[in-house]
Amino acid sequence: MSVDRIDSPRRPLLVAALTAAALIAAPFVLPWLGAAPNTVNRILVWGLFGIGFDILFGYTGLLSFGQSALYGTGGFVAAYFLTRAGFPHVITALLIGMVAAAVVGYLVGLVALRRTGIYFAMITVAIAEVFYFVEFNPLAEWTGGENGLPGVPTPSLHLGFTTLHFTTGWALYPFLAFCYFVGIVIALRIVRSPVGVVLRGIRENPLRTAAVGHNVHGYKLAAFVIAAAYAGLAGGLLGVLQAFMPPEAFTFETSGQLVIQTAIGGRGMLFGPLAGAALWLFLQDFLQGPLGLGATWKLVLGLVFVVLVCFLRDGIIGGIRNVYRLVVSRTGKKATADAVPAETTTRPRVASSLPAAAHAANGFTGPIMQTISLTKHYGGVAANDAIDFSVNAGEVRGIIGPNGAGKTTFFKMLTCGVPPTAGTILFKGRDITGMGVTEVCQLGLTKSYQVNQLFHRLTVRENVTIAALAALRGPFRLDLMRRPADIPGLDDRVAHTLELVGLAGRGEAPVAQLAYGEKRRLEIGLALASSPSLLLLDEPLAGMTPTERADTVRLLKSIAQERTMIVIDHDMDSLFELAERITVLQEGRVLADGPPAEIKANAKVQEAYLGGLNGAPA
Amino acid sequence: MRDQTSALQRDSRRQFIRNSVLLAGGLALPGLPRRAAAEDRPPIGTYPAGIQGNTVTIGVAVPRTGTYAEQGEDELKGWQLAVEHINSGHPLIREISPKTKKGVLGKELKVVVADSAAKPNDAVQAQQRFITEDKVILMTGSTSSAVAVAMNKLAQREKVLYVTGISGSNDTTGKDCVRYGFRQNFYGETAANAIGPVLLKAYGKNKKMAFMTPDYTYGHTVTKSTSDYLKEHGGWTMVTNQVSPLGATDYSSYLTNVANSGAEVLLNVNWGRDAVLSTQQAKQFGVIPKMKLVIPYQIPFLAKNIGADLAEGVYAATDFWWTLEDKYPLAKMFVEAFRKKYGYYPEWGAENAYASFAMWADAVEHAGTFYPPDVIKSYEAGRKLNSMVGEVYFRKEDHQLVRPVVIVRGKAPKQMRNKEDFWEVTEVVPGAPLMQKPDEFGCKLGDYT
Amino acid sequence: MITWPNFVSQLFNGLALGALLALIASGLTIIYGTLGVLNLAHGAMFMLGGYAGFAAYEASGSFVVAVLAGTLVLLVVGIVMERVIVRHFYARPHEDQLLVTFGLAIVFVEAVRWLFSSDSKTITPPGALAGITPLGFMLYPTYRLAVVGIVAVALLVLFLVLYRTRLGMIVRAGIEDAVMVDCLGINVDRVFMLVFGIGAMAAGFAGIVNAPIVSLTPEVGEAILVQTFVVVVIGGVGSFPGAVLGGLIAGEIISLTSMVNPGYAYVMLFAAMTLVLVMRPRGLLGAIGRE
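Residue numbers (this note's numbering), protein chains in the order written: chain A, 1 to 618; chain B, 1001 to 1449; chain C, 2001 to 2291.
Derived by calculation from the structure, the hints in this document are not laboratory data.
Values in this document were obtained by computation on a predicted structure and should not be read as measured data.
Among the hints, a few may not be true.
Said to hold, decoys possible - Below, computed lysine-lysine pairings styled on DSS-like, alpha-carbon distance capped at 30 Å:
| id | chain 1 | residue 1 | chain 2 | residue 2 |
| --- | --- | --- | --- | --- |
| 1 | B | K1102 | C | K2121 |
| 2 | B | K1419 | B | K1437 |
| 3 | C | K2121 | B | K1332 |
| 4 | B | K1107 | C | K2121 |
| 5 | B | K1107 | B | K1327 |
| 6 | B | K1384 | B | K1340 |
| 7 | B | K1205 | C | K2121 |
| 8 | A | K557 | A | K600 |
| 9 | B | K1419 | C | K2121 |
Start from the sequences and build out the full structure, keeping to the hints where you can.
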């Protein structure tokens, strides 16, 4: 149920209001629980640092061990202005530090984001170490080396009728709490915005996100910069909190602590790092103080961390949320559409018009797709060998061939997923050889995959939304503050697409709960949502029951009315019914090409599939 | 109507309401100091909250883990012995602080301890907690000058007195000095000026020297002071300065460079465990005894860890060595008391710690109050104090104690009278001529309140 | 200073540093190549080997016993760790694997700190190997020389196991395609367990062998971990020859940079790694597609 999701569009004000209430109540409640003001202040700073990191890791899936570099940068720039440079305005200095960190984050991201997964993590580790070293040694003049920058002042706010001095302890708390509150409100907007949706898509399936037309690299970089900005502001606040900017801000330990706190608290929920920091600092104080464990507190913390990672994958907050859902689902009535069982999903309707995209086949005639001598070698193997191929606008072309004929490789090249070794690809007369999947999708050419490429932890509606957003907003737009309701045409497009593929009643179901046939339909739906003028379908019928097959063929026929389609499949009967023309591939080459009846009777094709009359293997 | 107002307006209204609530709430928050109790001084820092009742608390942040752990534990013992003696009115304390009877101004001393791991951040965090929770009226602890400098700033901001533990950098009472901070021990400039002439006399002029320096300001200032002196007065040349990070374990690259530098004297400024490892490895690479080893700023337990063989003939500048008991009666008392309680001869970290507390007790007794500005003025009065190394006094311009530097040389194993008789005191150099002019390092003390 | 004798000395020193890194990196690369798990606890395992050996040394007084203890204890630790924890993470995303091994690293370090305290522990090298060997261009501690030899032998043994035994062939096949190995009917579970154990053993052996050179502290594995990553990346993930080559290159980068400015030595290493990651992500001897 996405009703209780923090980024659900249904409860925008409630979360913010609850946060404000909790922050206001804290200084009155927490002392009774034995919390020291400085500890609470530290928790807020870590929490703020973590909001940005959560957007990067929890929402976009980029595990960076190098956030300390940005934290330290922001902190030291702010501290430098306030101490050595004698700049008087604390709040302005903090903002300058934040901007500096964002800029540095941009540059670092350009380097780090060239790789993904574990390599990305390793680059971030290296970057953290380099920054620490540079801060310590060559830049010691500005950063104070291992002394850090002492003497950072606390902020004051002139309000005309009075001046608020935020000094230390509980007196500093309102300032930090306010910063945290603003940070959370902005983050909530960001994760609900279209950018936030795309980031989640990147986390679940970066390949598909790019293939539906989003500039994945751009969005990743944006997430990186956002995380850097949060880190930079938090760093500045650390200096203010301690009256001193420590070089430890730059160490790998700091990055590691952030990662652990986020994992413990729960990722992808924005408040996770705050909870994690609270637990960490509480354990640190409690285990060292009253229990007198001394240095052993870290061992306990490490064990807690390992246990949580193993068993409580969603962290503390996630665990609480899961318990809450369990309770609600048992006591409340489930009258929502989510309970509709699979059999009653609507069968795909005949396509009424999907909002025609800018690149519908309006008026284009002639060969919409052409390849000239297209070749792909993998080492010594020629997967595709000098294929000349042409499809006219409005046609439905089928491609068949025995296993290993190179059909999927051919499709990959057509959508520019893989660069050809030689040859040219022309789309609507334009040379698209060497472009990328994103660009090509925006031009109106997209594919549905042989193996489902869906966004598994998201709902059906969110899946289609991601694809639709690319069609409506182009490959990259930084509309961080926009609400999803404010995008014209989005709801219509999503609703239409769902209707078209017969998933209209399943919008709120997470993909993991769908039956296989439904997933296949969603797969096609994702490709359809961007209203391509040329749609490639790689084995759309694979794994379907006969009824589903018939329905899907009907669906494909209706879709074909408005666009050109090329379909690979092994189901000859369905394909011969659907396609006007068939191309046969064998061993990377075109074997035959013609209308279905001709192909059926073609002796060479029969031999290729059946091994010939004399029993010799093909 | 509500839907028509823009989100922005709604947001800012929220903010305004929140701020007003905060303003109102903030005025009622428990963070503001309460009205003063018995005494008629205005509240400042942890005064007078920290002196309610019969005890006052001192906050100690000392490295108990990490590179300086061994030295930190030793310092802690010195502080704890001092507290014990002050609370009981021990004769040794009364030599240094004659007005002491029992405790300080009749109040018993308590100590709260945290592990700083020689990291400024951890020390500051711990002391902030001590200030808010335990209302400590004195802070101490540093073995790294980075911690001392950070604590100086914290002390000045929080208006709580701070006496350094061990801090060798010139900056602590130089450019980073503060009104609320005081230093008892010797430092880079005085070490260099004391040991310089000794080295020139022992080894002659125009020698080639190599330095091994830990990469932080303690290391850099000591190396600078020492090499400047030797260059200026003896024509020595520095052929290489190998800078290593604090906590480095493998010195092979640095020592290879040193071995090939053609130096005749190796001055090792590394401290704590780094000094032990680098010296041991220097022997393994044949750098010693080919070159003469000098320790410009001595480390407690160094000789014990590297062994008397390696320490033989090595010159070092230090704050205190236990054989001074033969020269100074207070040293004798101290060494005896320490040995009785802990079973070994004290190193200079412990002595430094003990002395700093004793001198603070004296300052407070003379001020007659715990009120920080008065205690500070008591320090600044320049009273002559008795110590384990003779007569000393605080310089009011930079809060540095004017005291002698002790030059020692490592004994040959067969000359050692007992297992801990590592060093022979060759000279006790009076402090005043060794120090820089008060404002030479840019010291600007801050305000009293 | 850049002089001829110093250059030769540092070159040699780099060889000694590199040999050790090569051994540790071999363990890491085999684990990552076969299981796809980046073992962030590898540095901690290096440290554990040292402490296990230290405990044995204290008890027995024999260095040989210490080395055996360090190695065997880590074999057991590796196997147990794989069986009890890591196994359940193969299906989970990479990030979770990183997190759990990261957490285990912390647990190992803190457990050792609790059992042994933070003081540094020293082990003296066996009498025959303690001392100084004149090498013509420099004096070199005999034990460090011996370590080069010991590590070379260990690498040779590892090579023989990987390339001349049936087990090794299965492991190498597993690096190429674990699913296929499973399909061929080989007990992949047991292979994975052994691979993790062998990888851990390499780290533990290196840890105890290295202990007499630099004293033991609980933190000794942290720096080693990051350097080991660099070696694996430079040499190529999953490639044993790559780990050896990468180790030697890393060792030389460290020592030759020290000639000019010792402070920059480790930074140069990270710069080299970032360069490789950006320009040739598969490393010098790695295969494409193993990222």
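A quick look at each hint next to the structure:
Straight-line distance between C-alpha atoms of K1102 (chain B) and K2121 (chain C) comes to about 42 Å, which puts the hinted pair past the 30 Å bound. With a C-alpha separation of about 41 Å, the suggested pair K1419 (chain B) and K1437 (chain B) falls outside the 30 Å cut-off, and the hint is violated. Distance restraint check for K2121 (chain C) and K1332 (chain B): the Cα-Cα separation of roughly 33 Å exceeds the 30 Å cut-off, and the hinted pair is therefore not satisfied. Taking the CA atoms of K1107 (chain B) and K2121 (chain C), the gap is near 42 Å; set against the 30 Å cutoff, the hint is violated.
Taking the CA atoms of K1107 (chain B) and K1327 (chain B), the gap is about 34 Å. The hint is violated against a cut of 30 Å. With a CA separation close to 29 Å, the supplied pair K1384 (chain B) and K1340 (chain B) stays within the 30 Å bound. As the CA atoms of K1205 (chain B) and K2121 (chain C) are separated by approximately 40 Å, the hinted pair breaks the 30 Å bound. Restraint check for K557 (chain A) and K600 (chain A): satisfied, since their Cα atoms lie roughly 21 Å apart, inside the 30 Å limit.
Using a Cα cut-off of 30 Å, the hinted pair K1419 (chain B) and K2121 (chain C) holds, with the two alpha carbons roughly 21 Å apart.
In summary, the numbered hints that this structure violates are 1, 2, 3, 4, 5, 7.
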